[in-house]
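Fit chain G with the ligands to the known structure of chain D by using the hints.
Heads up: the sequence lines are chains D and G, in that order.
Every letter in the first sequence is one number past the one before it in our numbering, and letter 110, counting from 1, is 110.
Every letter in the second sequence is one number past the one before it in our numbering, and letter 168, counting from 1, is 168.
Among the hints, a few may not be true.
Claimed, not checked - No farther apart than 20 Å at their CA atoms in a straight line, the calculated lysine to any residue pairs in the SDA-like style are these:
(1) D:K97 x G:G72
(2) D:K103 x G:K111
(3) D:K191 x G:G146
(4) D:K91 x G:K147
(5) G:K105 x D:T2
(6) G:K196 x D:I69
(7) D:K88 x G:N201
(8) D:K95 x G:K79
(9) G:K196 x D:I185
(10) D:K197 x G:G229
(11) D:K84 x G:K105
(12) D:K91 x G:P189
(13) D:K91 x G:N6
(14) D:K88 x G:A13
(15) D:K191 x G:D149
(16) D:K91 x G:E20
(17) G:K4 x D:I92
(18) G:K14 x D:Y90
(19) D:K95 x G:T98
(20) D:K191 x G:P108
(21) D:K3 x G:N201
(22) G:K105 x D:I185
(23) D:K97 x G:K111
(24) G:K196 x D:K95
(25) D:K88 x G:N71
(26) D:K95 x G:G227
(27) G:K147 x D:E190
(28) D:K103 x D:T79
(29) D:K97 x G:N71
(30) D:K88 x G:F19
(31) D:K88 x G:E20
(32) D:K88 x G:K16
(33) G:K105 x D:S7
(34) G:K111 x D:T79
Stated by the list, open to error - If you only want the chain D side, here are some residues facing chain G, beta carbon under 8 Å, derived:
(35) Q11
(36) M105
(37) D188
If you're looking for bench data, these hints aren't it; they were derived computationally from the structure.
Think of the CB as a built atom: it goes at the ideal place given N, C-alpha and C, for glycine as much as any other residue.
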Amino acid sequence: MTKFFTSSIGQKFFMSITGLFLMLFLIVHLTINSLLLFGDGTLFNQAANFMSSNPVMKVIEPILALGFILHIIYAAYITLKNMKARPKGYKITTKTKASWASKNMFVLGTLIFIFLVIHLANFFWKVKFGTVETVMVEGKELHDVYALVAGLFKGWWWYDVIYIVGVIFLFLHLTHGFWSAFQTIGWDNEKWMPRLKVIGYIYSIIICGGFAFIPLYFLIKYAV
Amino acid sequence: MKIKLNIWKQANAKAKGRFEKYELDGVDTEMSFLEMLDSLNEKLIKEGKEPVTFEHDCHEAICGCCSLYINGHPHGPGKETATCQVHMRSFKDGETITVEPWRAKGFPVMKDLMVDRNAFDKIMSAGGFVSIDAGQAPDANSILVGKIDADKAFDAAACIGCGACVAACKNSSAMLFVAAKVSQLALLPQGKVEAKRRALNMVAKMDELGFGSCTNTGACEVECPKGIGIDFIAKLNREYLSASFSEAE
Ligand code: SF4
Ligand code: FES
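Same shape as in the complex, but just chain D (with noise of 0.2 Å):
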């Protein structure tokens, strides 16, 4: 067992695992900011200062952090291991076909941690430390997170462009993430392998089709 943390297979189990937490985590995300939708943004304040304050995200919050970590941490370490066991390359690369996505995995998820970087300071940063201001709701102060994002998607349309972009990438990561995952831990064969295609890229549309729309709506909402 104590081999399983070093070796191959089991540092892409390692992978998996946070991948699918972190899929996880995306469904829970879309469908709190789904509620920017709705209304003229109670409910959505509501949400995410619940989804702040209450003890159990408390919990959830660093264990989604460690997610985060940890699947960066052993991409990059085993994107450098990969690399060394081909010191020298070939003169033609190769021109055997597999999925673009599925080539530039760490590429793709290095363009999504940059995008990380830029959302965390714009949202998450400035709810939990910096100034947000508050709107009274039901006789209670919420911070008015609703405020903050519409303010965002509204008043900087290169925002929303950086937004969309982050999005792509996050698509594409997921369409060969989501099967490769199953297949790392085992759970595929070969007549899986292709009904988890296609429920990843269902997937992948669902979550990042509604991550994208966000921020459209908002564009076409507030143009006129």
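For chain G with the ligands alone, kept in the frame of chain D given last:
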């Protein structure tokens, strides 16, 4: 037909190596790729030059030693073919064909196009066998094996250990090879007994010898001359994980 060749030449394992250009006239379209290389070598010998070193043996896709990386494909063009089954009709008149050795840390180049594939033997010695004397072919129906398992084991057993999977993989991962060997034995009653230890030891050996880890690109199965699919890699992962979580050693 007339072809131009761009072939990797390297005097020995330590030498630097470089690409050498050759031209060959009068190539018959019905010639096999290996025969074409033979005729190139004959010509070179007559001219008093060094022939090109490359490996081949069976010429019928069962020994796995004709390991050439041709125009960006291990084993050249064609689906489920080893280099020895590639014919010159797959190329155009006047085409430049680039031939390289397998590139992987686990397969160091020994000379020109010949690499040292001993690493695969070492992986096999780490567990790719059954320790008991299984004797002669057993009497019919004395050991029952389900049809699905029997077919799967047979598919896996088709692996000829050529290393094209490693050559095709961007991570030089040997997972497809190890997956085929582990699955073949794990699916049969004689091999099942040692399945856990086998999976653990063969994977440990594979890691130790410097092969990369699988990122599920699927490049290996496209180039495998025996059509071994990556569903076997999922099986290997399954075998390895369950062995890791249950084996006391
Ligand atoms: S799995 Fe296929 S490509 Fe890899 S060694 Fe076996 S026969 Fe060759
Ligand atoms: S020469 Fe034996 S497999 Fe090609």
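Taking the hints in turn, this is what the structure says about them:
Of the supplied pair hints, the one linking K97 of chain D and G72 of chain G holds, its CA atoms being roughly 11 Å apart against a limit of 20 Å. Under the criterion of a C-alpha separation no larger than 20 Å, the hint pairing K103 of chain D with K111 of chain G is inconsistent with the structure, at around 30 Å. Annotation: proposed proximity of K191 of chain D to G146 of chain G holds, straight-line Cα distance about 18 Å (limit 20 Å). Of the pairs offered as hints, the one joining K91 of chain D and K147 of chain G is violated, with about 45 Å between alpha carbons and a cut-off of 20 Å exceeded.
Restraint check: the Cα-Cα separation between K105 of chain G and T2 of chain D comes to about 25 Å, which exceeds 20 Å; the hinted pair is violated. The suggested pairing of K196 of chain G with I69 of chain D is violated, with an alpha-carbon distance near 31 Å, which exceeds 20 Å. Taking the CA atoms of K88 of chain D and N201 of chain G, the gap is near 28 Å; set against the 20 Å cutoff, the hint is violated. Proximity of K95 of chain D to K79 of chain G is assessed by CA-CA distance (about 13 Å); at most 20 Å being required, the pair is judged to hold.
Straight-line distance between C-alpha atoms of K196 of chain G and I185 of chain D comes to about 16 Å, which keeps the hinted pair within the 20 Å bound. Between the alpha carbons of K197 of chain D and G229 of chain G the distance comes to roughly 16 Å, so the proposed pair stays at or under 20 Å and holds. Between the alpha carbons of K84 of chain D and K105 of chain G the distance comes to roughly 8 Å, so the proposed pair stays at or under 20 Å and holds. Using a Cα cut-off of 20 Å, the hinted pair K91 of chain D and P189 of chain G is violated, with the two alpha carbons roughly 45 Å apart.
The straight-line distance between the Cα atoms of K91 of chain D and N6 of chain G is roughly 10 Å, inside the 20 Å bound, and the hint therefore holds. Distance hint between K88 of chain D and A13 of chain G is fulfilled; the C-alpha atoms sit about 13 Å from each other, no more than 20 Å. Between K191 of chain D and D149 of chain G the CA atoms are separated by roughly 15 Å; this keeps the pair inside 20 Å, and the hint holds. Proposed proximity of K91 of chain D and E20 of chain G is supported: the alpha carbons are some 13 Å apart, at most 20 Å.
Distance check on the hinted pair: K4 of chain G and I92 of chain D sit about 15 Å apart at the alpha-carbon level, within 20 Å; holds. Of the pairs offered as hints, the one joining K14 of chain G and Y90 of chain D holds, with about 18 Å between alpha carbons and a cut-off of 20 Å not exceeded. Between K95 of chain D and T98 of chain G, the direct Cα distance comes to roughly 13 Å. Compliance with the 20 Å bound is thereby established for this hinted pair. Simply put, K191 of chain D and P108 of chain G have alpha-carbon atoms about 37 Å apart, too far for the 20 Å limit, and the pair is violated.
Under the criterion of a C-alpha separation no larger than 20 Å, the hint pairing K3 of chain D with N201 of chain G is consistent with the structure, at around 11 Å. Straight-line distance between C-alpha atoms of K105 of chain G and I185 of chain D comes to about 26 Å, which puts the hinted pair past the 20 Å bound. A threshold of 20 Å between alpha carbons decides the hint, and for K97 of chain D with K111 of chain G the separation of about 29 Å lies outside it, so the pair is violated. Of the pairs offered as hints, the one joining K196 of chain G and K95 of chain D is violated, with about 36 Å between alpha carbons and a cut-off of 20 Å exceeded.
Between K88 of chain D and N71 of chain G the alpha-carbon distance is near 17 Å, which keeps this suggested pair within the 20 Å criterion. Simply put, K95 of chain D and G227 of chain G have alpha-carbon atoms about 18 Å apart, close enough for the 20 Å limit, and the pair holds. For the proposed pair K147 of chain G and E190 of chain D, the alpha carbon gap of about 16 Å is at most 20 Å, so the pair holds. The hinted pair formed by K103 of chain D and T79 of chain D meets the criterion: a straight-line CA distance of about 11 Å does not exceed 20 Å.
Our distance criterion of 20 Å between C-alpha atoms is met by K97 of chain D and N71 of chain G, whose separation comes to about 14 Å. A threshold of 20 Å between alpha carbons decides the hint, and for K88 of chain D with F19 of chain G the separation of about 14 Å falls inside it, so the pair holds. With a CA separation close to 17 Å, the supplied pair K88 of chain D and E20 of chain G stays within the 20 Å bound. The suggested pairing of K88 of chain D with K16 of chain G holds, with an alpha-carbon distance near 11 Å, which does not exceed 20 Å.
Taking the CA atoms of K105 of chain G and S7 of chain D, the gap is about 17 Å. The hint holds against a cut of 20 Å. With a C-alpha separation of about 29 Å, the suggested pairing of K111 of chain G with T79 of chain D is violated against the 20 Å cut-off. For Q11 of chain D, the suggested interface contact is upheld, since its CB lies about 7 Å from the closest CB of chain G, less than 8 Å. Interface restraint check: M105 of chain D against chain G, minimum CB-CB distance 6 Å, threshold 8 Å, status holds.
The beta carbon of D188 of chain D is positioned within 8 Å of a beta carbon in chain G (closest approach about 4 Å), and the interface hint is therefore held.
Violation of the numbered hints given earlier is confined to hints 2, 4, 5, 6, 7, 12, 20, 22, 23, 24, 34; the remaining hints are satisfied by the structure.
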